[in-house]
Amino acid sequence: MKSLFAIAKLTIKAAFRFRLVVLLGALLLISVVILPIMIKHDGTAQGFIQILLTYNLSVITALLGFSTLWLACGTLARDVEEGQIQMVVVKPVPRWQVWLGKWLGIMALNGMLLAVAGGAVFALLHWRADRLPKEEQQTLQKEVLVARGSLKPPKPNIKPVVDKLYKKELKARGEEVENPAALRKQIEERVKRRIQLIPPHRGREWSINVQGVKEQIRDKPLFVRFKFQTAEESYRPGQSRSYPLIWEFGPENAAHERRKMKLAPGSFHEFEIPPNLFTKEGELPIRLENHTNTSFLVPMTDGIEVLFRQGGFATNYIRGLLIVYCWLALLAAIGLFAASFLTFPVAAFCAIGILMLGFSTGTMQSVVEEQSVLGVNHVTGEPYSPLLDSILIPVYSKLLDVVQLVRDFSPIDSLSTGRMISWVQLGKAISQIVLLIGGIFGLLGAVIFSFRELAMPQS
Amino acid sequence: MSPGVRKLYKPALLLLAVAFFFGVSVTQSYLNQTRKEMDLTRLAPLEDAPPVLAFTTQALGGFRGLIANALWMRLTTLQQEGRFFEIVQLADWITKLQPFQEAIWVHHAWNMSYNISVKFEKPEARWRWVQRGIELLRDQGLKYNPQETLIYRELAWHFQHKLGDNLDNAHWHYKRQWANKMKPFLDDEGYPKYDALLSPEGEDQKKLAQKLKEEYKLQPKEMREVDKTYGPFDWRLPEAHAIYWAMLGLEDAKEENRIRLRRVIYQSMQRAFQRGRWIEVAGTDRFDLGPNLEIVGKVNKAYENMMEQQPERRDHIAIGHKNFLKNAAYLLYTHNRLKEAAKWFADLKESYPDEISEGKSLSRFVVDRATELYGGTNRDQIIGAIQGLLSRSFYSLAVGEYERSSGYELLARKVHKRYQGEIGEIESAKQRVGLKPFKTIKKEVLARILNSETPRFNSVMKQRLRTELELPEDWSGAGPSQPSEESSSAPERSTGTGG
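Taken in order, these protein sequences are the chains called A and B. Mapping the first sequence onto my numbering, position 135 (from 1) lands on 135, and the numbers just tick up by one. Each position in the second sequence, counted from 1, maps to that position plus 1000 in my numbering.
Just chain A, same shape as in the assembly (with noise of 0.2 Å):
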């Protein structure tokens, strides 16, 4: 454990002879000032904080993420180019702990700028905000400075009434259908359609089930955020149509609020509603009216929600920081890995590599969705390279899998949205993005490491 530590600290050492760590902790400082001079936002105190706290968490988290692997790479690989690492393995230290140290010195380092910046952010933040109109801190107190938990309606179970209708129109068309997984398709969509649309005149009501944080919701206010489209929008670009909906939250049989609203469609709208409007059952009703000559429709998924304070922001931003701390370690992993067998020069452009990958999911994304590497003959419905999507799509799909096991988690969205981000959230990042990837990066790089010859002669 002692020689861990010591490699761990000479890690360190070398680093700040090399003025990295001052420079570093210097630009973050810099971009932590001079970010909030240079920013436009929307002319909001609210908008102001939540750009802030994003591009802020960004750069830092860009900033050391990019250093973080050009220093795992370079530890490594420079020390074996240079013939240092020599000094080091003749001595009674196993390879994989020399690995370790190194791991364990880059995230120390990590941690303390991580710390520093993280700090400075969360200390201008307050800053900016204790200096704004009263009125204005509660919004932000509310909305932005928060963790706020969500409850959404239960998502309907379709699967039954889909297999009914689709056994019945299989019946009804016999022998002719030509491709029942598109029929079978066709069918969940209509019935998707029918949960999700109001037609004109109509109403439709949702329960939340809030027995989980009944206490913790009492006598606090809740906020409903919510999504709808109408036929019309596609046809009125930039007009400034909104429709009229009316509201009603709470058991018709006891306390409850009627309101009515004006609203855009196409886009989230965020609106308080009174506190204590559940019933005894634990279940908040919330009933929608449309009086209009056109349908709504309310996306199943993300149409309806309430959010509720869970907790306070500066433990939401410490967890959302940890995050961050799980990205760079497993960047770490991924430089060292890289340097176990590579020269500086090939270790870091694969770790960028590797790093690209991970950021190019969207295309694998719609490659999976589709189907199709090359696209579909929209004509003769055939794809265009059967044979390049046998073998890339389940590739690109087992990819996406791991590469989700990453990207699952946004802390950033998460705090300037003012979005809870729980303990398991934080529990679940360490252990997929640290134990799980990292754990393989690691395993291989300090397996491959401990085979490696490294007293080859340099040139």
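If you are wondering where the hints come from, they were derived from the structure by calculation, not from laboratory data. Source: prediction; values computed, not measured. We put the beta carbon where it would ideally sit given N, CA and C, even for glycine. Among the hints, erroneous ones may be present.
Said to hold, decoys possible - Straight-line alpha carbon distances no greater than 25 Å define the calculated SDA-like cross-link-like pairs of lysine to any residue that follow:
hint : chain 1 : residue 1 : chain 2 : residue 2
1    : B       : 1122      : A       : 136
2    : A       : 168       : A       : 180
3    : B       : 1122      : A       : 258
4    : A       : 40        : B       : 1069
5    : B       : 1181      : A       : 43
Unchecked claim - Label pairs and their computed distance ranges (CB to CB):
hint : chain 1 : residue 1 : chain 2 : residue 2 : range
6    : B       : 1467      : A       : 132       : 41 to 47 Å
7    : A       : 62        : B       : 1019      : 34 to 40 Å
8    : A       : 257       : B       : 1169      : 21 to 27 Å
With the hints as your guide, set chain B onto chain A.
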């Protein structure tokens, strides 16, 4: 390397770098000149650009487009998710990365002013986004593209359509906010304080003139030119600003693009004629808009010019011109400017003889138009029309629009007289479908106004009406103290007799 050489090594490198920079700057000037001579660049090299833009333009080279694409995709995603707080910054970056693509400036300004603003329910939130759109075009777009007609046109359109028109639910709020911004530079009538702005004296005036130029990019000299050529305008209202930006754009516009700017000018002039005067409503934060009759001659000229400049659309424009002349005669009449009304009515008859039947008088024409606008031809509709005109007359009196008040009353009287005249002298017909005496209807309307509370006639407005009519506090329409024919309008009212 000997210690002496080592000591000189770094300063020598520094000197070399300075020499190279100097060399580059000389070569660059030469290259720029050559590029200009050989017509290799569409636009002059970027000058006076902020360091960030100069750096990104030079350093990123061809990658700028890729980065702009990535930013554009992020903007679209965020917009779809309803997360608007980053949009201003992203639009700023995207436009700065491709500063000479005028369509990009126009797109992003439009996106903020038209697409994003309407996603908000509150007028204040909408106004913020409309402002961002205007600022993007005015403060940034025109800075880098001072000759781009499209940007001038778009900026003018923002004023003409987004602020000036009534298609957006929040248009009253926009107008009020813009008027508040303009207030320090204008007198009580909404005309620019040209003396103070053109030759400022003292620190305050200098600051004011500087603010107008730097914050709103308005040049007093050009504003005066706008007033001289097309106005005078009330600069609290957006139409004046639409004309200002369109006129500036005309200076460098190519011939084929000029028509787009001219259209903005002509359309804004028509609007300014119809509702280009700001009227404060006492006791509320509301305001009303009245016609700007001072520009009637210039608007007429604008129509004539348009017909001349666009012969292919002559018939179409002529319909607009005909309606304008009808409106001019009517509005001037209702503002008790009878001589001018007669002049434009004569013009209407001369230019479009088929439009007015032979021998029809101005008075008859205006009464017909009023009954058409306010009601119809049967007894109830006529009563409604008279009451509506009288209500307008009292409202105009309360807001200090004396000419208009007299004009409406005169018109109400004419409608009454004509209807009674049409019934004839048969007593049974008079009893069956006749009207009460004009005086009685007027008293009833006034009593109804003073005895009820409406947003239009709030307590302050009613008080002003009482003062103007010299009525006692307790007058309710029931007692003997009635508004006399003479005291129904302001003292300086001169009830017209012509027409």
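Requested in this report: Against the earlier hints, flag every one the structure doesn't satisfy and list their numbers going up.
Outcome: none
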